[in-house]
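Listed here are the chains, written in short residue letters.
2 protein chains.
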Amino acid sequence: MTNAVTAALEYAKTHRSRFIDQLGELLAIPSVSTTPEHQADIQKAAHWVAAYLEKIGLQNVQLYPPDSHPLVYGEDLRAGPEAPTVLVYGHYDVQPADPLEKWHTDPFKPVIREGQIYARGATDNKGPFMAVLYALEAILNNGQLPVNVKVMIEGQEEIGSSALAQFIAENKKLLACDFCLNPDTGMLAPDLPTITYALRGLAYFELKVYGPAQDLHSGVFGGAVHNPAQALCELIAGMHDAHGRITLPGFYEDVRPLDEEERAELARIPFTEEMFQARTGVPQVWGEPEFTFYERITARPTLEINGLYSGFIEAGAKTVLPAYALAKISCRLVPDQDPAKIKTCLETYLSENAAATIRWELTELVHGAASISDRHSPWVRAMQKAQETVWGVRPAFKREGGSVPVVTQLQQILGVDSVNVGCALPDDNMHGPNEKMNLAVWEKSLASYIHFFYNLAGQGQAGEQVDR
Amino acid sequence: MTNAVTAALEYAKTHRSRFIDQLGELLAIPSVSTTPEHQADIQKAAHWVAAYLEKIGLQNVQLYPPDSHPLVYGEDLRAGPEAPTVLVYGHYDVQPADPLEKWHTDPFKPVIREGQIYARGATDNKGPFMAVLYALEAILNNGQLPVNVKVMIEGQEEIGSSALAQFIAENKKLLACDFCLNPDTGMLAPDLPTITYALRGLAYFELKVYGPAQDLHSGVFGGAVHNPAQALCELIAGMHDAHGRITLPGFYEDVRPLDEEERAELARIPFTEEMFQARTGVPQVWGEPEFTFYERITARPTLEINGLYSGFIEAGAKTVLPAYALAKISCRLVPDQDPAKIKTCLETYLSENAAATIRWELTELVHGAASISDRHSPWVRAMQKAQETVWGVRPAFKREGGSVPVVTQLQQILGVDSVNVGCALPDDNMHGPNEKMNLAVWEKSLASYIHFFYNLAGQGQAGEQVDR
Chain A
1470 MTNAVTAALE
1480 YAKTHRSRFI
1490 DQLGELLAIP
1500 SVSTTPEHQA
1510 DIQKAAHWVA
1520 AYLEKIGLQN
1530 VQLYPPDSHP
1540 LVYGEDLRAG
1550 PEAPTVLVYG
1560 HYDVQPADPL
1570 EKWHTDPFKP
1580 VIREGQIYAR
1590 GATDNKGPFM
1600 AVLYALEAIL
1610 NNGQLPVNVK
1620 VMIEGQEEIG
1630 SSALAQFIAE
1640 NKKLLACDFC
1650 LNPDTGMLAP
1660 DLPTITYALR
1670 GLAYFELKVY
1680 GPAQDLHSGV
1690 FGGAVHNPAQ
1700 ALCELIAGMH
1710 DAHGRITLPG
1720 FYEDVRPLDE
1730 EERAELARIP
1740 FTEEMFQART
1750 GVPQVWGEPE
1760 FTFYERITAR
1770 PTLEINGLYS
1780 GFIEAGAKTV
1790 LPAYALAKIS
1800 CRLVPDQDPA
1810 KIKTCLETYL
1820 SENAAATIRW
1830 ELTELVHGAA
1840 SISDRHSPWV
1850 RAMQKAQETV
1860 WGVRPAFKRE
1870 GGSVPVVTQL
1880 QQILGVDSVN
1890 VGCALPDDNM
1900 HGPNEKMNLA
1910 VWEKSLASYI
1920 HFFYNLAGQG
1930 QAGEQVDR
Chain B
1470 MTNAVTAALE
1480 YAKTHRSRFI
1490 DQLGELLAIP
1500 SVSTTPEHQA
1510 DIQKAAHWVA
1520 AYLEKIGLQN
1530 VQLYPPDSHP
1540 LVYGEDLRAG
1550 PEAPTVLVYG
1560 HYDVQPADPL
1570 EKWHTDPFKP
1580 VIREGQIYAR
1590 GATDNKGPFM
1600 AVLYALEAIL
1610 NNGQLPVNVK
1620 VMIEGQEEIG
1630 SSALAQFIAE
1640 NKKLLACDFC
1650 LNPDTGMLAP
1660 DLPTITYALR
1670 GLAYFELKVY
1680 GPAQDLHSGV
1690 FGGAVHNPAQ
1700 ALCELIAGMH
1710 DAHGRITLPG
1720 FYEDVRPLDE
1730 EERAELARIP
1740 FTEEMFQART
1750 GVPQVWGEPE
1760 FTFYERITAR
1770 PTLEINGLYS
1780 GFIEAGAKTV
1790 LPAYALAKIS
1800 CRLVPDQDPA
1810 KIKTCLETYL
1820 SENAAATIRW
1830 ELTELVHGAA
1840 SISDRHSPWV
1850 RAMQKAQETV
1860 WGVRPAFKRE
1870 GGSVPVVTQL
1880 QQILGVDSVN
1890 VGCALPDDNM
1900 HGPNEKMNLA
1910 VWEKSLASYI
1920 HFFYNLAGQG
1930 QAGEQVDR
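If you're matching them up, the sequences are chains A and B in order. Taking my numbering, the leading residue of the first sequence gets 1470, the next gets one more, and so forth. Taking my numbering, the leading residue of the second sequence gets 1470, the next gets one more, and so forth.
This is chain A alone, in the form it adopts within the complex (with noise of 0.2 Å):
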């Protein structure tokens, strides 16, 4: 290690208690984002972040757009055009607190108990985030940052990022970047750094069946009319196979194979299926038979019904025969598949399976394309090295099912990838009541921030390898 790692490792230590304080004042403001009511509390936010990147010396300080939910925008360019740039990405608003009523202390007031920090916002994502920049304030004391940053931190995450990929789009010279990196994303278990290499992408529909021009009791007209309801699980039943495979003329066509290396290295994750049926609660794991359970959930496309709706619903018998029924359909989308083409899938077995007696609309709500990152690229390479120094093992490498959508709108307009490893972790409570964040394992993740952004130095944009 040289001295200046292990200046900054000793900096991030004396400070330890400082960070923690700093912290607590951000997780006291309730950005929430998905709410009007809230909007004060955001440019608080916005601001409190500014502030605090022209206090460690960042440059270039900016709030994008300066009104409602602003992006915050700091850079640190001194390493010179030769070594590597760093995006940095992160994002301050949060979730609502409700069910406040759920929460043992109040949510907006972060108290520690056993070495967890409880507030909104603890783990996703301003925590994270914060380790990010600590680390940078870190190595910044002791000297000039061994790499390129530019730090973006958004407001909008919580509300789908919608304005970000605009933004990207109009300043991709202002963000251009090798690769990003971003703490939003969980750790498996606290002893077991990861790296969160693939996300899958989204494709969300819904279709409505219609049948009768209005309701019509079933008694007088029951047996002569296609039911919608009837119709539509009809061609709902018909959309996976009886293996779990998914039925959609071309839906796997572009699928890109897994291979065995990877195969091998997503079977090292210590999830079973014991856990996974003990986590959900299901009488048995389902699915397509040659794949694991884990290759399933976050490796394989899929298709699910998010929601069913038709005629009568509430408590009782009312002998209704709907005229219309409805399904909230969506699709997980894995690399390279492209949503406008599932929708060409779907819209294919309908025309092809739906019968004369219904007519049937099919409307897209939202789509986003998957987004994969190189294992081996030198930025992963630096990763894995710093993990492996604070902790001692090997990191995971590990996909996920959900979709982030900064990450595919990075890679699909500025064509980079991004190393996403944050410190969440399972059982973190996420989104819901009780939020938290465990220390021991942030202080961590900021120290092997510290050893990341060195090991980055000397990799330049042509990408070589790291020293191992």
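None of these hints come from the bench; they were simulated from the model. Here the structure is a predicted model, which means the values were calculated and not measured. Be a bit skeptical, because a hint or two may be false.
You can't tell identical chains apart in this list, so a pair holds if it fits in one copy or across any two.
27 Å max Cα-Cα, derived DSS-like pairs, lysine-lysine [what the hints assert, rightly or not]: (1) Lys1913 x Lys1812; (2) Lys1677 x Lys1787; (3) Lys1787 x Lys1571; (4) Lys1787 x Lys1812; (5) Lys1524 x Lys1641; (6) Lys1810 x Lys1677; (7) Lys1578 x Lys1677; (8) Lys1578 x Lys1787; (9) Lys1787 x Lys1810; (10) Lys1571 x Lys1641.
With chain A's structure known, arrange chain B on it following the hints.
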């Protein structure tokens, strides 16, 4: 025609406008049974009917039970034990009038416009049962009833006649009769008198399919969980084959076959597939190919989905993998299907077809058997002859797809058929805004009841053939 018949018909003509005024009084009482705030109006209507029965000279007039929703009873048994005994059914309770804003005039201020009387309850069922009572008045005014008559006008029909079965069971002797005259069914057209000889039964269920212990994130868990909404759809889709036949094991076992004579009778009904399609607005008629559409909606059992619910059904996208899914499923039954056995059929189907990846729960909500009356009984023949006399055409013999609880209850508890002949027309807006009744048809109906009672005379309990 005998002098007595002529005199009674003459009396009815003479008193036409007083009959309508008096019906107007009854229609002005908002005897809505479905909401508790009309309790006083229910009482008022019951007492109005009882007073009328006393006024025309019926004996033993009573309210059972005298408190809430009383059933009004009265009798005239002076024809003696050799003459047939008719139980006259009717109901004085009505549906709520809302949506009030869709009524052109006050639903409880009857008005006559273009030969139609408009009011809530006009056609369902105050007008039709008063036609029977006016027929009795017309006959009584000129002498003695040719048959024994027991009148039973209930106040709970619109809330399912829930207490009626018990009342019938506890008053078998009081209600003992040869058959029931039920004016609570409709006519196919103003110039086509109609005898409804069969009604379908009902078995109504709620099916719940359970998957994970709670709603899951469809990105994080999707692919290894058998989605309960999908599983429900798979189960429902399998309940019919590709030809619209129900697949539940044993479902059709007890269905009484339709003979050629009855099929020919049903084929006479002037309701075409084109009319059905125009009325319902369906793109195409559906169902068992070996039966006509009319047989399918009246003489064949069905399985309908009345409601579907799972997960997220609001506007927009929520990526939930639901914990459960629910369907309301009901079967219309025909003679001689047993509702209890239908539940077993459904349970067997579910046991055989539900995957081990989900759990299911089936609850029966409502049940009632189908009913069918002998089309060749002396009572039906007496009615047929009466209608032919008044309208000059042979009546249509109609099966109805819906259920009328009292008809089944009388068949099961007292062992008697019902002659179901009312004057509600398809455009009378029963249960809807601007309910009305056609006064010309109503007068013919009243006349036909007079003929009917005289035609019955001399039939005795033995049920000899009426001379045609």
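Taking the hints in turn, this is what the structure says about them:
1. In this assembly of identical chains, Lys1913 and Lys1812 lie within 27 Å of each other by CA distance neither inside one copy nor across copies; the values are 44 Å within and 61 Å between.
2. In this assembly of identical chains, the alpha carbons of Lys1677 and Lys1787 lie at most 27 Å apart whether taken from the same copy (22 Å) or from different copies (17 Å).
3. Within a single copy, Lys1787 and Lys1571 get their C-alpha atoms only as close as 36 Å, which misses the 27 Å cut-off; across copies the closest is 22 Å, which meets it.
4. Taking the shortest alpha-carbon separations for Lys1787 and Lys1812, only the inter-copy value of 18 Å comes in at or below 27 Å, while the best intra-copy value is 35 Å.
5. With identical chains, the CA atoms of Lys1524 and Lys1641 are at most 27 Å apart within one copy only, with a shortest distance of 26 Å there and 94 Å across copies.
6. In this assembly of identical chains, Lys1810 and Lys1677 lie within 27 Å of each other by CA distance solely inside one copy; the values are 20 Å within and 34 Å between copies.
7. For a Cα distance limit of 27 Å, the shortest separation of Lys1578 from Lys1677 qualifies neither inside one copy, at 45 Å, nor across copies, at 42 Å.
8. Taking CA atoms no more than 27 Å apart as the test, Lys1578 paired with Lys1787 passes in neither setting, with 49 Å inside one copy and 29 Å between copies.
9. For the homomeric pair Lys1787 and Lys1810, the shortest alpha-carbon distance between copies (21 Å) is at most 27 Å, but the shortest distance inside one copy (40 Å) is not.
10. For the identical chains of this complex, Lys1571 and Lys1641 are neighbours neither inside a copy (43 Å) nor across copies (59 Å), given an alpha-carbon limit of 27 Å.
Consistency with the previously given hints fails for numbers 1, 7, 8, 10, ordered from lowest to highest.
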